[in-house]
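Enquirer: Using the hints, put the two standalone chains together into the complex.
Residues per chain are reported as follows:
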Amino acid sequence: MSVLEIRNLHVSIEGKEILKGLDLTVKSGEVHAIMGPNGTGKSTLSYTIMGHPAYEVTDGEILFNGQNILEMETDERSRLGLFLAFQYPVAIPGVTLANFLRTALNARRKAVNPEDKGMPIPEFRKMLKEKMDMLRMDHAFAGRYLNDGFSGGEKKRAEILQMATLKPEIAVLDETDSGLDIDALRIVSEGVNTLRGKDLGVMVITHYQRILNYIQPDFVHVMLGGRIVESGGPELALSLEEHGYEWVREKYEGEAVNG
Amino acid sequence: MADTPKIVRGVRRSAAAQDFVFTEKDLPAGGPNFLQAFRQNAWTAYQSLPIPTVSEEAWRRTDLKALQPQQFRIPAENAYLDLEPAPAELLRPLTANQHGGQVMLMAGGSHVTLDPEVAAQGVIFTDLRTAQAQHPELLEKVIGKVVRPGEGKFAAMAAALAQNGLLLYVPRGVRVEQPLHSLLWGAGEGLAHFSHLLVHLEEGAAVTYVHEAASPEGSLQAAMHAGIVELYVGPGASLTFVELQSWGENIYNFSHERARVDRDGTLDWVFGAVGSHLTKNFSDLELAGPGSVGKMSGFYFTDHDQHLDHDTQQNHLAPHTTSDLLFKGALLDRSRSVWQGMIYVAPGAAKTDGYQANRNLVLSEHARADSIPGLEILADDVRCTHGATVGRLDEEPVFYLLSRGIPRRMAERLIVEGFFDPIMQRIPFEGVRARFQAAIQKKMQAMGD
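In the order they appear, the protein sequences are chains F and X.
When we follow numbering that gives the first Met the number 0, the leftmost residue of the first sequence carries the number 0, and every step to the right adds one.
When we follow numbering that gives the first Met the number 0, the leftmost residue of the second sequence carries the number 0, and every step to the right adds one.
Hint data in this document are derived by calculation from the structure and do not stem from the laboratory.
None of the values given here were measured: they were computed from a predicted structure.
Beta carbons are placed, not taken as given, at the ideal position from N, Cα and C, and that holds for glycine.
None of the hints are false.
In silico DSBU-like pairs for lysine-lysine, Cα to Cα no more than 30 Å straight-line:
| hint | chain 1 | residue 1 | chain 2 | residue 2 |
| --- | --- | --- | --- | --- |
| 1 | F | Lys-109 | X | Lys-441 |
| 2 | F | Lys-26 | F | Lys-130 |
| 3 | X | Lys-144 | X | Lys-294 |
| 4 | F | Lys-197 | F | Lys-128 |
| 5 | F | Lys-26 | F | Lys-197 |
| 6 | F | Lys-116 | X | Lys-441 |
To spell it out: a stretch of chain X is covered by chain F in this simulated footprint if at least three of its residues, at any positions, have a beta carbon under 8 Å from a beta carbon of chain F; those stretches are:
| hint | stretch |
| --- | --- |
| 7 | 397 to 409 |
| 8 | 419 to 432 |
Residues on chain F that point at chain X, a partial pick, calculated with CB under 8 Å:
| hint | residue |
| --- | --- |
| 9 | His-51 |
| 10 | Glu-72 |
| 11 | Asp-74 |
| 12 | Ser-77 |
| 13 | Leu-83 |
| 14 | Ile-91 |
| 15 | Gly-93 |
| 16 | Ala-106 |
| 17 | Arg-107 |
| 18 | Gln-161 |
So that you can see chain X by itself, here it is in the shape it has in the complex (with noise of 0.2 Å):
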C-alpha cells in the first residue's frame, strides 16, 4: 500500500498567543528594595525568555505544546481560604513524633509554626513575607545565590512572581534536632503556583528538612506551579534534604533546585516523585568546596498518562568531592519518564568520586523511560562510574512467586517494591518511608484495573 503525500499546512500561532498572561502588575508589591530589584530583574529576565521547545536539548524530551499557558491565573491574597484545605494526614510528622516547626504555603497565604526551643537556638524556619520583614539582610545574603532566575523561563518566572515562599537558617554550629517540615498545598484549578524555598546552613550546622509539594486529587483543570529552590550546606555542615512531589494529576510542574555545599559539608537529598501531569525538574548538585559529599536518591512512579522528567547534574568543583546518585522509576499504563544526568569534574578537583545511576522498570507496553547518562571529566586522577538501565517485568521472578502460592498481582507489587528497596534503604525515616510504600501501593492497586 503507497502512502499518500500528506498536505501539512502549518498552524502558525503568535508568539503572544503561546506564553502566559502575567503582567508586571502580578509581580508582588512591597518589601524591601533589593527584594524588588530582585523582582524586577527577574521579570526582565522572563520577559526576554520564550517558552522552552522541544529544539532546546534540555526540553527535547518534554514537549510543552499542550500547556495552555493562558489558562492559569496567580491566585488572589487568602484565595486559600475558599479551596480545598489540605488534608489533615499531610500535616503529620513524617520524620519523628513531631516536628520542630512547620511551614504551610498555600494559595495566596501561609502559615508557621516553629518550636520555641527552636527559635532560641537563633533558627528561622519561616514563610518568605515573615522573612522579607524581619530578616532582609540576611534574606538579601541569600536570595537568587544559588539558583540565578537567568536560568530559564520557569526559574525566572518563580523568582519575579512567587508571592511567598519560605526561609530556612541555621546558625553557625547548631544542630537542629527535630525535622522540619513544610508542605506547599497547590488547590484551585486554573491557578498557578509559584513558590521559592531558601536553605542556608551555616558552617557546622544540621538539620533535617522535609518538603512535600501536593495538591487534591481529582482535579480536571489544569493548574501549574514553577517552583525554586536554592540550598546552601557551610563548611562541615550537614543537610538531610527530603521532597516529596504529590501534586494532583492537573498539575503541570516545573522546577529549578540546586544545592552547592561547602568544605567538608555533607548533603543527602532524597527526592520522591508520584505526581503531577507533567514535571520538569532540574537538580544539581554543587560540590563547591574540598571534601563536600553529595548523595541523591531518587524515587518516581508514574501512571496513567503522567510525563515526569528529571535533569541532574552532579558538579565537581573542587578536589576530593564525592557524589552518589541513585534514581530508581516505575511506570505503568501510558506514561513516560525521563532522566537525564550528568557528572562534571571541573578541571583541577582531582581525586574526585561521583557516581551515577538510573534503573527503569517499565510496567507497560505502552509506557516510555528514558535514561541519559553522561559525564564530562576535565581532571586527572579520578574515578567516576555510571549506569543506566531501563527493563521490564521478567516472567521467572513472577513465575517463582506465584509457584510459592502468591497471587500474581501480589507478586508483580512484591517484585515492584523489591525494586525500589535499595532506594528504601537510603531513606533515614521510617514515616518517609512509608508515605512512599504507601504510593507504591496505590499505584499498584490500580495495575492492570
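In isolation and in its complexed conformation, chain F is listed as follows (with noise of 0.2 Å):
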C-alpha cells in the first residue's frame, strides 16, 4: 500500500504564494475529490507533486512511502508511482502515442533493471490494444502523433490510456472532467472507474461537481486560498453542488479578513 503524505506546503510561483500551508493524506484505494473555485491552487497542487520547475516549495513537503519527493525529478517521481494525468496534454508531433508509451514503459522497466531489454512489440501491441478498448478508443489512435490534432475528449482518454498503461500508485487527475461532454465524461470515468482498487488512490481535482456523479469520492475536500478548508464525504460535494462556493468563501474568507 502506498501512502503521499502533503504536510503543511507552501508554494510560490514567480515570487507569489499560491499554496498556504496544505495538508492531505492520500493512501492507495481512496478516492479523494478536491474541489474548489478558480485560482485557488488546485492546479498549483498537482504540478508541484509532479514536481514542475516553475513551481517553488518554499516550506513543508511531500512524502511518498514516507519518502521526501520534492528533491527528486519529475522523471523519478513518475517511476515511483506517481501519475497526472493533465488539465491541458501537450502535443508532441513526430512522436506516436505507440512509440510514447513505449518508451516509457521500457524506461520504468530500465530503472528497475538497467540490463532490460524492454517490453516485446508484439506483448505489448497486446496490452495497448486491450487498454484502448477498455477506453473505446480506435486501435488508430496509437499512431497518431501524441496529442497532436486530438479533441478535448480524445487528449483525456489519452491521458486515461497511458495512466492504465503505467499502472501508477497515487494518481492526480487534474480537471479531468474539463472540456468533456457527457459521453466522453462516462468513457474517461468509467475507464477510471476500471483502473479503481486497492491498489490506487486517486485524487480527483475538479470545479464541478459532476465528474463525481460518475467517480464516487471516499473524501471530498474543498480547497480555498490555497489551503483545504473543508474535508468530508460524498455529502459535502453535494452541498457544494446545491449551494455553491458562496458559504465556504463567506466563512473562510470572512474570517481571513476579520482575524
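Expert: As C-alpha cells, then:
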C-alpha cells in the first residue's frame, strides 16, 4: 500500500505564494475529490506534486511512502508511482502515442533493471489494444502523434490510457472533466473506475461536482486560498453542488479578513 | 564605462596569398578533345573568379576567411591505397537487400560494380574515366549542360580539376528495379577532393540512386571537397535521388547541384547532412517542362562548430509544375546553419504550385539557425506558399515526457526525433531512415556531455 502525505505545503510561482500550508493524505485504495473555485491553487497542487520547475516549494514537505520527493526529478517521481493526468496535455508532434508509451514503459523497466531489453513489441501491442478497447479508443490512435490534433475528449482518454498503461500507485486527475461532453465524461470515468482498486489512490481535482456522479469519491476536500478548508464525505460535494462555493468563501475569507 | 577607441590596422593580404595553389598542370591529362576543351574553359573561369567573400549575397552568411586555401593538394594517382579505407558499413546497401550497382570514388582511384542484368538493360553506371573511354558521345551530350562551370569558383574548380566522377545513364523506357549506390570516400588530410556526378534519365526511365559522401572521423588537418551534381530527368521519367553528407569534421565542402526536370518528369530528392566542418551547397530544382514535379526533402543536424549553409532554388519555368520543399534542421553546441530558399516562377508558368518550408530546432544557447525564404513570382494564376521557423526546445513537452518517467535526455531525444519525423516519412527506404536515425542518436548522445 502506498501513501502520499502532503504537510504544510507552501508553494510560490514567480514569487507569489499560491499554496499556503496545505495538508492532505491520500492512500492507495482511496478516491479523494479536491474541489474549489478557480484560482485557489488546485493546479498548482498537481504540478507541485509532479515537480514542475516553475513551482517553488518554500515550506512543507511531500512524502511518498515516507520518502521526501521534493528533491526528486519529475521522471523519478513518475517511476516511483505518481501520475498526473494533465488538464491541458501538450502535443508532441512526430512522436506517436504508441512509441511514446513504449518509451515510458521501457524507461520504468530499465530503472528497475538496467539490463532490461524492453517489452517485446507483440506483447506491448496486445496490452495497448486491450487498454484502448477499455477506453473505447480506435486502435488507429496508437499511430497518431501524441495529442497532436486530438479533440478535448481524445486528449483526456489518452491521459487515462497512459494511466492504465503505466499503473501508478497514486494518480492526480487535474480537471479531467473540463471540456468533456457527457459521453466522453462517462467513458473517461468508466476507465478510471475500471482502474480503481486497492492498489490505486486517486485525487480527482475538479471545479464541478459533475464528474463525481461517475467517480464516487471516498473523501471530499474543499480548497480555498491555497489551503484545504473543509473535508468530508461525498455529501460535501452534493452540498457544494446545491449551495455553490459562496458559503465557504463567506466562512473562511470572512474569517481571514476579520481574523 | 567609456569605450576606448580602437585603432585597427588592416592586414592586407595579397590576392595571391588567399587563393588555392592549383595550377594548369593539375588539369587531368588525356581524354577526348571535348573533355579537354571543357576542362580548359572551366579552368579559365576558375582563374577569373576570386574566392567568394561575405560581400556576395549568396555567401553573406558563410565566411571563408579561415579556409587557408594554400593548404590543399590534389591527391596523387592511387593515393587511396595508402589512406584509410572506407568502412564496410558504408558499402552496405541502404535501400534493399542488394543494390544493382555500386561506384566507389576515392582519392586517386575508383571501383565499379554493376549487376549484369542492369547493364543488359543498357544502363550505364560507371566512373567518369570509364565513361570518357567507353561512352564519349554520351558524356559530351550531358557534361556541363545542367550546371555550368562558370557559375561559381567551386563549380569551375570541380569542373576543371575533377579527375573522376560518375555517370548514370538510363535509356528510354528502362525502369531499374534495384537501387544504385555510390560512395565518395575522402580520406586523407590536406587533400582537395573533387567530384562530378552526372545523372541522365531518358524519356520514361526510372531509377533510385543513393549517393553518400563521407570521410574518416577525427582527422585533425583540414581537407576539402568541391563537387558538381547534374541531374536530368527526361519526359515522363522518374528519379529518386538520396544524398547523404557525412563528411568528417575536417572537411570544407562546396557543391553546386541542379536537377532539370522535363515534361511530366518526377524527381524525389532527399538530402541528409550531418557532417563537414563547413558546407556551402547550392541545390537547384529546375522544372523545365510542363507537368513536371519536384520534391526536395532535407535534413541537417549540426554540432560542435559545424557550419552548414544550404541554398535552394525552386525554378518553375513551365506551366503546371509542382515543387514541394521541406528542410528541417536541429543544432547543438556552437554550430550554425543557414537555409536560404527561393521559389521562382517564370513569366507564363501559370498553374504552378510551389511550396517551401524550413523548420529549425535550436538545442543550444550558442547555436544559431538562419532561415531565409523567398518568392519571386512573375506569372499569374499560381499558388506559392512558404514558411520558415526557428525555435527552441520547449520546457512543457519535456515536462510532459518527464512526468511519464522518461529521463530528460531520452525525452529530449524523443522530441528531436519527433521533430524530424515528417522528413523521415518522406524517405522511401527503411535503410536510409535507419542511417539518419542513427546519426540523430549519435549527435543526441553527445548532447550535454
